[in-house]
Structure formats: C-alpha cells, structure tokens
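**Q** Construct the complete structure from the given sequences, taking the supplied hints into account.
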Amino acid sequence: MTTVSFFVPRTRRNVELLLLLFAVGIVLLAYLSVGLAVGGAVPIDIVTQGSWLLGFVVAFHLVLRWRAAYADPVVLPIVTLLNGLGVVMIHRLDLAEGRDLAEAFAPRQLMWSGLGIVIAALVIVALRDHRRLRRYTFTAMVAGLVCLLLPLVPFLGVELNGARIWIRVAGFSFQPGEVAKILLTIFFAAYLVQTRDALALAGRTVLGFPLPRARDLGPILVAWLSSLAVLVLERDLGTSLLFFGLFVAMLYVATERISWITIGLLLFSGGAYVAYLLFGHVRQRVEFWLDPWSPEALAQSSQLVDGLMGMGAGGLFGTGLGRGNPQITPFAESDFIIPSFGEELGLIGLCAILMLYVLFVERGLRTALGTRDGFGKLLATGLAFSVALQIFVVVGGVTRVIPLTGLTSPFLSSGGSSLLSNWVIVALLLRISDHARRPTPDEAPPPVTPPAGPGKAVIA
Amino acid sequence: MNNPIRRLAVVIAAMFCALLVASSWIQFAQAKELRDRPGNRRTLLATYAQERGALLVDGEAVARSETTDDEFKYQRTFPQGSLYSHVTGYYSFIYGAGGGLEQSADDLLTGQSDQLFYRRLGDLVSGRRPTGVSLELTIDPRAQKAAQDGLGDQRGAVVALEPKTGKILAMVSHPAYDPNRLAGHDASQVQEAWRELNADSGRPLVNRAIRGDLYPPGSVFKIVTAAAALSSGRFDENSTLPGPERLDLPDTSATLPNHDGGACSGGRPTMTQALETSCNTAFGWLGLQLGGTALREQAGKFGFGQAVEIPMRATASTVPEQLNRPQEAQAAIGQYDVRVTPLQVAMVSAAVANGGAVMKPYLIAQKRASDLEAFGQTAPTKLGQAVSGDVAAALTRMMTKVVESGTGTRAQISGITVAGKSGTAEHGEGRDPHAWFTAFAPADDPKVAVAVVVEDGGNAGSEAAGGKVSAPIARDVMKAVIAP
Numbered sequence: 000m001t002t003v004s005f006f007v008p009r010t011r012r013n014v015e016l017l018l019l020l021f022a023v024g025i026v027l028l029a030y031l032s033v034g035l036a037v038g039g040a041v042p043i044d045i046v047t048q049g050s051w052l053l054g055f056v057v058a059f060h061l062v063l064r065w066r067a068a069y070a071d072p073v074v075l076p077i078v079t080l081l082n083g084l085g086v087v088m089i090h091r092l093d094l095a096e097g098r099d100l101a102e103a104f105a106p107r108q109l110m111w112s113g114l115g116i117v118i119a120a121l122v123i124v125a126l127r128d129h130r131r132l133r134r135y136t137f138t139a140m141v142a143g144l145v146c147l148l149l150p151l152v153p154f155l156g157v158e159l160n161g162a163r164i165w166i167r168v169a170g171f172s173f174q175p176g177e178v179a180k181i182l183l184t185i186f187f188a189a190y191l192v193q194t195r196d197a198l199a200l201a202g203r204t205v206l207g208f209p210l211p212r213a214r215d216l217g218p219i220l221v222a223w224l225s226s227l228a229v230l231v232l233e234r235d236l237g238t239s240l241l242f243f244g245l246f247v248a249m250l251y252v253a254t255e256r257i258s259w260i261t262i263g264l265l266l267f268s269g270g271a272y273v274a275y276l277l278f279g280h281v282r283q284r285v286e287f288w289l290d291p292w293s294p295e296a297l298a299q300s301s302q303l304v305d306g307l308m309g310m311g312a313g314g315l316f317g318t319g320l321g322r323g324n325p326q327i328t329p330f331a332e333s334d335f336i337i338p339s340f341g342e343e344l345g346l347i348g349l350c351a352i353l354m355l356y357v358l359f360v361e362r363g364l365r366t367a368l369g370t371r372d373g374f375g376k377l378l379a380t381g382l383a384f385s386v387a388l389q390i391f392v393v394v395g396g397v398t399r400v401i402p403l404t405g406l407t408s409p410f411l412s413s414g415g416s417s418l419l420s421n422w423v424i425v426a427l428l429l430r431i432s433d434h435a436r437r438p439t440p441d442e443a444p445p446p447v448t449p450p451a452g453p454g455k456a457v458i459a
Numbered sequence: 000m001n002n003p004i005r006r007l008a009v010v011i012a013a014m015f016c017a018l019l020v021a022s023s024w025i026q027f028a029q030a031k032e033l034r035d036r037p038g039n040r041r042t043l044l045a046t047y048a049q050e051r052g053a054l055l056v057d058g059e060a061v062a063r064s065e066t067t068d069d070e071f072k073y074q075r076t077f078p079q080g081s082l083y084s085h086v087t088g089y090y091s092f093i094y095g096a097g098g099g100l101e102q103s104a105d106d107l108l109t110g111q112s113d114q115l116f117y118r119r120l121g122d123l124v125s126g127r128r129p130t131g132v133s134l135e136l137t138i139d140p141r142a143q144k145a146a147q148d149g150l151g152d153q154r155g156a157v158v159a160l161e162p163k164t165g166k167i168l169a170m171v172s173h174p175a176y177d178p179n180r181l182a183g184h185d186a187s188q189v190q191e192a193w194r195e196l197n198a199d200s201g202r203p204l205v206n207r208a209i210r211g212d213l214y215p216p217g218s219v220f221k222i223v224t225a226a227a228a229l230s231s232g233r234f235d236e237n238s239t240l241p242g243p244e245r246l247d248l249p250d251t252s253a254t255l256p257n258h259d260g261g262a263c264s265g266g267r268p269t270m271t272q273a274l275e276t277s278c279n280t281a282f283g284w285l286g287l288q289l290g291g292t293a294l295r296e297q298a299g300k301f302g303f304g305q306a307v308e309i310p311m312r313a314t315a316s317t318v319p320e321q322l323n324r325p326q327e328a329q330a331a332i333g334q335y336d337v338r339v340t341p342l343q344v345a346m347v348s349a350a351v352a353n354g355g356a357v358m359k360p361y362l363i364a365q366k367r368a369s370d371l372e373a374f375g376q377t378a379p380t381k382l383g384q385a386v387s388g389d390v391a392a393a394l395t396r397m398m399t400k401v402v403e404s405g406t407g408t409r410a411q412i413s414g415i416t417v418a419g420k421s422g423t424a425e426h427g428e429g430r431d432p433h434a435w436f437t438a439f440a441p442a443d444d445p446k447v448a449v450a451v452v453v454e455d456g457g458n459a460g461s462e463a464a465g466g467k468v469s470a471p472i473a474r475d476v477m478k479a480v481i482a483p
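Here the protein sequences come in this chain order: A and B.
The first sequence begins at 0 in numbering that gives the first Met the number 0 and counts up by one.
The second sequence begins at 0 in numbering that gives the first Met the number 0 and counts up by one.
Honestly, the hints are just simulated from the structure, not real lab data.
Treat the hints loosely; a few may be bogus.
[Unchecked claim] Listed below are several chain B residues computed to face chain A (Cβ distance under 7 Å; list not exhaustive):
| id | residue |
| --- | --- |
| 1 | 8 |
| 2 | 9 |
| 3 | 14 |
| 4 | 15 |
| 5 | 17 |
Source: prediction; values computed, not measured.
From the three backbone atoms N, C-alpha and C, an ideal C-beta is built for every residue, glycine too.
**A** Written as structure tokens, this is what we have:
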C-alpha cells in the first residue's frame, strides 16, 4: 500500500437528532397553521401533542443509538415529517368535516403512529441481523400468501368501496395486503438469492435474446397468477400491480437479465388487456382515466375530478393549510390525501413531499448498494422499490398518469395497517443500513491519529 | 447486483419525474382552466367565502354581507327587501349575481376590478385576500321611497335624475321582488323562489326602468318634437300651428285624431298651447314639416340609440330608421314604433332642465375601501348637447305652462314652479294606455327630473291619462327631493 486512505465510519446520530427536531418543528408549525386558519387561535394542545411526537421519535432515535448506531441518519427524520404532516392533514379534515372525538381519524392515526414506532423499535431490538430473516424464507412465503388471500375468507373479509382487501376482527379492520407486501419482499429476496445463478445463467439464446429455461419460468408465472388472482378475486388493481411490479424488479436486480423485464412486461400487458376485456370494473377505471369529465364518468364517480379541481385550486403556492376545501373530495384523508396536500400547500408543497419520498427511496437504494450480502441488497432494493412503486401508483392515479387504483400514500394516508407496515419497512431498512455502514469487525479498526509519513489520511 | 440497482434507480427517477410533470401540469398549466370549470364547488366557495363590498344609500347598507356559521361564511342580505331590488339586483349561490349592481359592479364588490390594481398591490405583497369595495350610491332614499309608494301595486317604473350631474336619485320598477329570497343558503328554497319569480306573469325580475320590452312614449315624446321644431329655427314657442279635430295624413285615407276628439284652441294653437293641451294634430303636423330624419336626429341628441351603462346596461331607446310620411306624423306624437325606457324619458327632461346638456346617468357616487375610506368619486360626464340654452329655456317655459294650466296640473307643488309633460300611450286595440308623466323642478333651478310610467293605466284602467295617474307620483318624488 503506497497510499493509505481511511474511511472513518461515523454514526451520524447527532445529525439525525438535529434533523428530527427540524422535522418535528415543521409538523408543529403545520399544526399551528391549521389551528390558526380554522379556529383563529393557537391550538391549546400543541405543547402536549408536540411532546408526544417528540417523545416517541426521540425514543426511537435512542433505540437506534443503542442497537443500530450506524443506521442511515436521514430515514427517520423523513418518515417523521411525512407521518406528522399526514396526521396534521387528517386532523384538518376532521375539523372540516366536523367529526367529533369518537369518530375523528386523527387521534386514531396518532395512536397507530405510536404503535408503528414501538413495533419498529421492537424490530430493531429483536432483529440484530437482517440475514436471520433468510431462515424464514418459506414461512414468509406462506404467511405472505395467506395475508394476501385472507380477505377472501367469508365472514372475515369485508368488501369496501368495491375492493375486497379488508378483514375485520373484533371491531378492528385491517388490510393484510400491507403486511403481505413485507413478507413477500422477504420471501422474494431470500428465494432469488438462492436461485439467482440458475435464473441468470441457464437458458438459450434465441435470435440474440437470452431465454430462460422453461422450468425457471415457474416462479414468475406463480407471481403473475397470484397477482391476477388478487385483481380478479379482490378487485384490487393497485395491490395486484404493486406485487407483480415488485417481483419483476427484484427478479431483474437478482439476475441482471433484461429478458426477465421483457417477459414480465409481456405478461403484465397480456393480463391487463384480458382483464380490461373481461372485467367491467377494470374497463371503467380505464375509461374514467381517459376522460374523467365525461358525463358517464361524473355520474359514477366525481372523486378524480374533485381531486384535480382541488389541485387546480391550490395552484403554485396553495391555499394554505386549513384554508382550502380538500374535504370536498371523497377519501381526502386516505387515497386522495396527495390532492389534499396539493390544494393546501400548492405545487411547491406537493413537490416537497414527493422529494421527501424520493429521498427516502434513494436512501433505501443507497443502503442496497452499500450492503455486502446479496440478501440484504435484494431486500433493501425490494423494500425501497415497493415504496416507490406504491407512490407512483397512488400519485400517478390522482394526477392521471395512470388509471386510478386504490392504494394509500405511505406514511401520509389515514389507515393503521398501512402505517404499521411502513414503519416496519423503515425498521428493516434501518437495520440493513446499519449493517451496510458499520465497519466490519475483521477489518483493522481505524487509527485515531493518522500514521506518520508520506501517507495521507483522508478523514471522511 | 449493483448495476441493476443503479438502473432501477434511473427507472424510479423517471417515475418520479412523470409525477412531478403531471402535478405541475395540473397545478400550474391547467390550474386556471380547472378553476373556471363550471360546477367547481371550490371556486364557488372561494367566491362566497370572501367579504363582498356593501351597497350603501346615504350611508346605510341596502346590500351587505353578514358572517354566517355555514360553509359559505357570508350571507348576503338586503335590509330594505324589495325597495331596492332593481338597483341592487340579486346575489345567489345557485344563479349567480344578476339584475343590478350585484352583477354590473361585481368586480368592484369582490375587489377584483382592474380599477383597484394599485390599491391591491399591498394585498399581493402581504398575501391578504383582496377585500371587496363598498359602493355609495347616488340614490336619494326619500325619492326612492316616494316612487315605490306612488307606484304601489301598479306595474310600471319611476326614474329620477339630478339634471346637473346625471345622478340617479330614484329607480323603481314594479313589480319588485325580495332579493333576500334568492340570497339564502338553502338550495331548495332558493330554487323555489327562482321558479316562482320566473313564472310570474308580471316579470318581477325585469327592471322596467332601463330594460324589458320598452314602452311607447306617447305624448311625452312631444318634448323631443318641440325641441326639433325650435332648433330648426322655423318655429318659436309662439308660432301658431294648425290644430284641427283630425289631421289628414298624406298618402293614405287615415287621419290622426286628437285625444278628446275636438280641435285645439280653436284650431289655431300656439306651440305652447299645443303642448299644454297635448294637441296631437298640431304635433303631427310639425312632424310632417320637420321630417323623420330631423326627429330621429333630435332624439339621438337626447340619448336615443345609445345603450348607456349606469353601470347596468340600459337598452337603447329607438326612433325607427325608416318612416314614411304618415308614420312621421305618428312618431312625432310618440306613437308608431318609437320605443323608450323611463330612464331615457327622464334624461330628456333632465337635459331640458340642464340648459340642453345631457348628463350620463349613473348610480355609483363613490367607492369605499374596507376601512370605509372613500376614494374614486364618480365625476359627472356630459354625453352631449341636445338643444341650445335658448331652446332649453323655451321648452322649460312651455313645460311650465303644462303644469300650470295644462294636462299636468296634478304635478303642482305649492311654492315651486314645476315643468312637465304628460303622455298617454296607446299600445294596441282593447288595451288600456300606459300613463306617462315626466317633469323637473324647480323650473328656474332644477334639482330633480323625473319620469313615471304606469302600465295599462294602472288602477285607473281605461280612464287613465298621464296627467291623472302618473303626475301625482312624479310630484311626490320631486317633493321628496326638494322639500322633504
């Protein structure tokens, strides 16, 4: 070694704490601004609410200091900010709709956020190494499929707004699909890490196009059929699209073969076209997407148009929190929370929120790049991509990039199951990133002072 | 596996770019189009959530916005009910603003007017919503009340002007309506009221003072004919005119009779006498002497053919373009297809009162900002010179005679010289005539000019004559202005 460069890993936990305070500050300002706009006064509970939020996230931060000191410092503040803004918007919609305490969404969302943070902390504490998840490859698969199909069980599954994606147990409703997303990502990652060589190398080249062996097509066909089953049986366009897209992306990352993407896209287009021909609800979605202003579309559902007009009303700078009318749009606190933000925070605010998501996904992918083990890479990629794809599907749906499907905006939308599972994703990403950034024990610990001589130490 | 992860990152970047482009398209490029979409509830709510300027008469609101607890935030109320219905118009969250200043001065009331640009710069910087401007009206509340009481339950209209400025002192059209019924926030009640008002055969939503089907002016048009005659230089107020029982109309066997069937002042009236007794044959003869073009030009100088904006757009009064010889005689006495608004008739009297100068009539005296600071006082505008000062003075003397000893004696006010002219306008076989009266007072220093029309003779029916039915209403309105 003629030149010596030392990478001195730093935990960056203080940066995280600073950013966290910043995020909590923004959330409290948003809460204040809603209070001033709607009630004309500073909300009296701002100190207690703020303390709760701060207490929970700082506790989580301390857990990270204790058990995952090298975890990515940006992820937690981003998620805190998104989660907090979501609660504020839901609270603002509660006020607009005049919901009393018993039926208000915001306190429940707050409760779920707290629970989500606790569960995420438990995951961090209990799961010392993400590679341990590989032990449960097929358990994860079975559990994931069960979760996916649970809503179809009679008496358990509930059909809401045309989609059968809910189960109701003891008065609590839950979307098991959200949990299935994590379980199946774990399964995909573990499975693909085992079989990637076979999937990547075996096969013939036909006309310069490398084709996989017929028997290796099995898994992708299973994934395709499962997502079609979700589409047909649960009538859930969004979940179906999410699973299949996630699987194809992970398959591509595992094998580096473009042919898998081609095959995936062909299967998807074929499935989508057949579904379009066979199922009225799919055809309707596409027609509403192409012309939401047609009288037939307006007679059926005006929510897409309501959302668009809300975003239009917001314009560049927005009406200001608490000063618009997002409550006009149906599901303004769940599927249509993005137009709600577009209306009140304007294009600028909406872009900021999208950039927060971009940063989150980027941190996930960076973790994947930095991790040394294949399973960790695939898992981190899968988790990050699932969030990215979900945002694309839900935001693309309300902005007419793609047909509207019913998915929640991660961390923002009202809904406990979505919130819990997304906090688990956060915990898993933090766990992997801790692994990625932590100095490996077999490397010599970096010297505290650079060695004397011509060698130059680079302190990063 | 790092290369495909990087490529996947590019795909994700493309996905987010698509979202950013789509959001920008909706919220920036398409925003205005979306806001202007019919049925956009947010735009509606935004309009109603804003405090709209009040309409003030003598410092008191006749239309104002009051805060409410419902989603519209403000409720428009009209404290005087139907008294000012055709001045204010209505303001409905279903049917929009209409029927008066609510519509015509909407951009001022909402604070969006370009006239307010410099005043709004401050709002723009501070991010405040522009506040509406309140408008102080020219209406004299006593004159308005007198006009309303005078018309009572009869259909018709009254317009009173200040001759020197063109200020509209009173504007009443009957039947009126209560704009509060359309301003409510209960959709079904508003719809019900709207249906009822539109189905009403009396057409209460039409402001007869400036719009509607217009009226034949009858003998009040003789002022215009007299003005044309005097201005031609061929006649003066003492010129004797032929005033037989019937005037033979050229090119036809038809004749033009006098109202009472007899000859005027022994068949040889002076022009003053002819006006005093409203002699049809004498003025018909004048019409033939002067010709249709001269009549039309004189009428045009008084404002016929112009749609003035007060700021509501008044329908232009008309003298037909093509008149044959018999029609010239009929037009000269305000029959055939001459059509006028009460506003136009008041403008004729006001011009005579004002030395021949026609002033543009207007309703908005000045604007007031939300802190009630006054600004933008409306300056009177001269539309033109209808007749010379001498002709105006002669017409004033002639019209004074009408009230002194002619058909308009019921318009007399003790101690004040009144100048006026009656009119009884036939409008079809078997229908009672419209009763007209126009006047101004005091004749030597005019403070008010008024025009009154009572449709179909009002309560007097076939017995109606302008001097009988309408003159007392004109008198009360003038009295309310001069000697309250």
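**Q** With reference to the structure, classify each hint as holding or not holding.
**A** We went through each hint and held it up to the structure:
For residue 8/B, the shortest C-beta to C-beta distance to chain A is roughly 5 Å, which falls under 7 Å, so the interface hint holds. Using the Cβ-Cβ criterion of 7 Å, the hint placing residue 9/B at the interface with chain A is not satisfied: the shortest such distance is roughly 11 Å. For residue 14/B, the suggested interface contact is upheld, since its CB lies about 4 Å from the closest CB of chain A, less than 7 Å. The interface hint given for residue 15/B holds, since its Cβ lies 5 Å from the closest Cβ of chain A, which is under the 7 Å cut-off.
For residue 17/B, the suggested interface contact is upheld, since its CB lies about 5 Å from the closest CB of chain A, less than 7 Å.
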